[in-house]
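K.L.:
Sequence order for the protein chains is D and L. Counting in this note's numbering, the first sequence runs from 1 upward without gaps. Counting in this note's numbering, the second sequence runs from 366 upward without gaps.
Among these hints, one or two may not hold up.
Unchecked claim - Here are some chain L residues the structure puts well away from chain D; computed CB gaps all over 12 angstroms:
| hint | residue |
| --- | --- |
| 1 | 374 |
| 2 | 380 |
| 3 | 396 |
| 4 | 409 |
| 5 | 490 |
| 6 | 491 |
| 7 | 494 |
| 8 | 543 |
| 9 | 558 |
| 10 | 603 |
| 11 | 608 |
| 12 | 676 |
Stated by the list, open to error - Straight-line C-alpha distance at most 30 angstroms; calculated DSSO-like pairs for lysine-lysine:
| hint | chain 1 | residue 1 | chain 2 | residue 2 |
| --- | --- | --- | --- | --- |
| 13 | D | 199 | L | 465 |
| 14 | L | 450 | D | 193 |
| 15 | L | 564 | D | 193 |
| 16 | D | 85 | L | 558 |
| 17 | D | 193 | L | 392 |
| 18 | L | 558 | D | 27 |
| 19 | L | 558 | D | 193 |
| 20 | L | 392 | L | 450 |
| 21 | D | 199 | L | 564 |
| 22 | L | 465 | L | 392 |
| 23 | D | 290 | L | 655 |
Simulated from the structure, these hints should not be mistaken for lab results. For every residue, glycine included, the Cβ atom is placed at its ideal position computed from N, Cα and C.
One-letter residues, chain by chain:
2 protein chains.
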Amino acid sequence: MSRRGERPDAEALAALPVAVDAMGGDKAPGEIVEGARRAATEDGIPIVLVGPPDQVGDTFGLPLVPCTEVIAMDEDPAGGVRRKKDSSLVRAAELVRDGKASAMVSAGNTGATMAAALLRMGRLPGVIRPCIATPLPRLGRTPAVLVDAGANAECTPAMLVQFAQMGAAYVAARFGTTSPTVGLLSIGEESTKGTPLVKETHALLAGAGAGAGARDAGSGAGARDAGSGPTGFAFEFVGNLEGRDLLPSPADVIVTDGFTGNVALKALEGSLRFLFDAMLGVFGTNDETKAAADVLLPYLLPMAAEFEPENTGGAMLLGTDGVCVISHGSSNAVSMVNAVRVAYECATRGLVDHVAAAIRPPAEG
Amino acid sequence: MSRRGERPDAEALAALPVAVDAMGGDKAPGEIVEGARRAATEDGIPIVLVGPPDQVGDTFGLPLVPCTEVIAMDEDPAGGVRRKKDSSLVRAAELVRDGKASAMVSAGNTGATMAAALLRMGRLPGVIRPCIATPLPRLGRTPAVLVDAGANAECTPAMLVQFAQMGAAYVAARFGTTSPTVGLLSIGEESTKGTPLVKETHALLAGAGAGAGARDAGSGAGARDAGSGPTGFAFEFVGNLEGRDLLPSPADVIVTDGFTGNVALKALEGSLRFLFDAMLGVFGTNDETKAAADVLLPYLLPMAAEFEPENTGGAMLLGTDGVCVISHGSSNAVSMVNAVRVAYECATRGLVDHVAAAIRPPAEG
Chain D
1 MSRRGERPDA
11 EALAALPVAV
21 DAMGGDKAPG
31 EIVEGARRAA
41 TEDGIPIVLV
51 GPPDQVGDTF
61 GLPLVPCTEV
71 IAMDEDPAGG
81 VRRKKDSSLV
91 RAAELVRDGK
101 ASAMVSAGNT
111 GATMAAALLR
121 MGRLPGVIRP
131 CIATPLPRLG
141 RTPAVLVDAG
151 ANAECTPAML
161 VQFAQMGAAY
171 VAARFGTTSP
181 TVGLLSIGEE
191 STKGTPLVKE
201 THALLAGAGA
211 GAGARDAGSG
221 AGARDAGSGP
231 TGFAFEFVGN
241 LEGRDLLPSP
251 ADVIVTDGFT
261 GNVALKALEG
271 SLRFLFDAML
281 GVFGTNDETK
291 AAADVLLPYL
301 LPMAAEFEPE
311 NTGGAMLLGT
321 DGVCVISHGS
331 SNAVSMVNAV
341 RVAYECATRG
351 LVDHVAAAIR
361 PPAEG
Chain L
366 MSRRGERPDA
376 EALAALPVAV
386 DAMGGDKAPG
396 EIVEGARRAA
406 TEDGIPIVLV
416 GPPDQVGDTF
426 GLPLVPCTEV
436 IAMDEDPAGG
446 VRRKKDSSLV
456 RAAELVRDGK
466 ASAMVSAGNT
476 GATMAAALLR
486 MGRLPGVIRP
496 CIATPLPRLG
506 RTPAVLVDAG
516 ANAECTPAML
526 VQFAQMGAAY
536 VAARFGTTSP
546 TVGLLSIGEE
556 STKGTPLVKE
566 THALLAGAGA
576 GAGARDAGSG
586 AGARDAGSGP
596 TGFAFEFVGN
606 LEGRDLLPSP
616 ADVIVTDGFT
626 GNVALKALEG
636 SLRFLFDAML
646 GVFGTNDETK
656 AAADVLLPYL
666 LPMAAEFEPE
676 NTGGAMLLGT
686 DGVCVISHGS
696 SNAVSMVNAV
706 RVAYECATRG
716 LVDHVAAAIR
726 PPAEG
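Throw the hints in and build the complete structure from the sequences for me.
P.N.:
And the structure:
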């Protein structure tokens, strides 16, 4: 069921709409449709909503691809995608597959979004498993990205090397990073630290026996794929990073398995939330603290905004033959504007081609 | 080389000194000796320092067990302990083994501290591998503890079940928690989420096939070992927790493998440090923000203090036949006062007996 034929070129992609799953997320369809409307009117991004017309309601003039089913937030992902062939998620993925949309965005069931994208768009040639890349703020700089942030609880060293390649292609496409640096999440700087998975991945990324699958790894920003066709993405491997290096990350890409990545990401989110809440509690102590807080909040809020998941544009699925943005389940209209913007930008900048080139099997190189 | 004969009873332990590795940590010996001195004079805790006399310098009247070697912070742990038999770390562990100290405290090389404690004190009967328990703040309540926070990068389900048992015994001994709750760190609440390790551990902790090794697991606070001898510790298994549940943890004990635990712990430490630093930056923006900060700081600092590693008393090694507190490498005098206090309290409250009882093989039960 995956894509047949050529991917649309940049000009064609820019004219295609972004498919928005109108029924995905805790605040669907209200906030989702509102965010899509704003992205269309404020940014001029072409949009197509997907959902059951009677449930979506007013589309504010946005086109709607009708369907009859919705995969619930807590539904079994694989089963949902298999059974609900006329669901908003599956139909959105099919629009990308069929060249009728440049990208899909959903704030719905994360597992089902991944499954729909994977099953309908298919994997890019050579990709072992798609992964999720999630931005990590670095105040005043472009975010770093964590891959895999939760798609694959179990990983092999070869998968982690591909996550590095795809993550580097992603920061290049999204942020224009020309010489991405990649770090490997571990429990010590030394290459001997960590699990066998981490130690073997370290050896591959450092270039010893990297082989074709990681031919650019560790060879520095100057190394490029010499083959024909799109240029492979080089990156510089900076070695192991630790949990304390996640904020702010010294590397543009932090590679880990999806279990560790998900735990670490949620630990960061939880601790920042905890501290913000505790701080707000202090601010409200008495009239004097409230007045002091009024002075500081104009300075603190922009900083806090950089940590808000709603402003990061959501997570990107990498390795599928089409752009798929997975937005937080709690997404509001602001989150959706940002998610649609990221989806559109990455699609028109040829993210999929970049990822394909970074992973392309050596036989095709 | 492990302990022979009976452990000292509570009264005997209270009379024994805490052995402090005077050469352990980035700020050794100055801050370490000063912290030990304060614990002795302010809390009346008996202390014995261990270190080379010419390097330790003034002991302010504290007794010193002399030795000739020091294991460096970055030295290979196993090799250091094997080669440097007359090092402060090894000698401190031997004092506990030989019944001449109630506990040992070091802010030195974490791996070497574990190795010295394990090799000299030995494992408690039935313990597969010792683990590190690190406190996680819960504002206004007793901290939760994370086990394993980094001793074992690779774990089996049976090891994780023991971490739960030892962690529960620890919070009972240290904080007086009568019915400890235990959660399992994973990437979703459902028992089907996570790695095979997590899924198998979940099944064991939930009681299905727990067997003798986890005989109290999941059976609620009412369940007690009916055998003779010390009473086993019961705990209530509350299911999976996610990274966002670490601060504040709804469970008294959070169980995970040492790789995930170390990454998560350092992610928390790093994000809190990042946010505090960013906040301090905002406070210093101009005279108005400085004045506002002066109003708020008396309220913010006590909160920040709860997050400071120096105030948590360090991490506890569980499963060895003797109390061993592993303090942060950056420990100052305040950290050491707290670490010595925790070591002394846990030793005199019979932590080792409690852990032994929680783990005791069924044949002895």
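K.L.:
Each of the hints needs a verdict: does it hold here or not?
P.N.:
Checked hints:
1. 374: 38 angstroms, holds
2. 380: 39 angstroms, holds
3. 396: 21 angstroms, holds
4. 409: 34 angstroms, holds
5. 490: With a cut-off of 12 angstroms, residue 490 of chain L remains clear of chain D, as the shortest Cβ separation is near 28 angstroms.
6. 491: At about 25 angstroms from chain D, residue 491 of chain L clears the 12 angstroms cut-off, so the statement holds.
7. 494: 15 angstroms, holds
8. 543: Holds, because the least Cβ-Cβ distance between residue 543 of chain L and chain D comes to about 26 angstroms, which exceeds 12 angstroms.
9. 558: 8 angstroms, violated
10. 603: 17 angstroms, holds
11. 608: The claim breaks: residue 608 of chain L does not keep its Cβ more than 12 angstroms from every Cβ of chain D (closest is about 3 angstroms).
12. 676: 16 angstroms, holds
13. D/199 to L/465: 41 angstroms, violated
14. L/450 to D/193: Status holds; Cα separation ~25 angstroms.
15. L/564 to D/193: 25 angstroms, holds
16. D/85 to L/558: Satisfied, since the Cα-Cα distance of roughly 25 angstroms is no more than 30 angstroms.
17. D/193 to L/392: The hint holds at about 25 angstroms.
18. L/558 to D/27: OK: residue 558 of chain L and residue 27 of chain D at ~25 angstroms, within 30 angstroms.
19. L/558 to D/193: 26 angstroms, holds
20. L/392 to L/450: Holds, at about 23 angstroms.
21. D/199 to L/564: The hint holds at about 24 angstroms.
22. L/465 to L/392: 26 angstroms, holds
23. D/290 to L/655: 15 angstroms, holds
Checked against the numbered hints listed earlier, the structure breaks hints 9, 11, 13; every other hint is satisfied.
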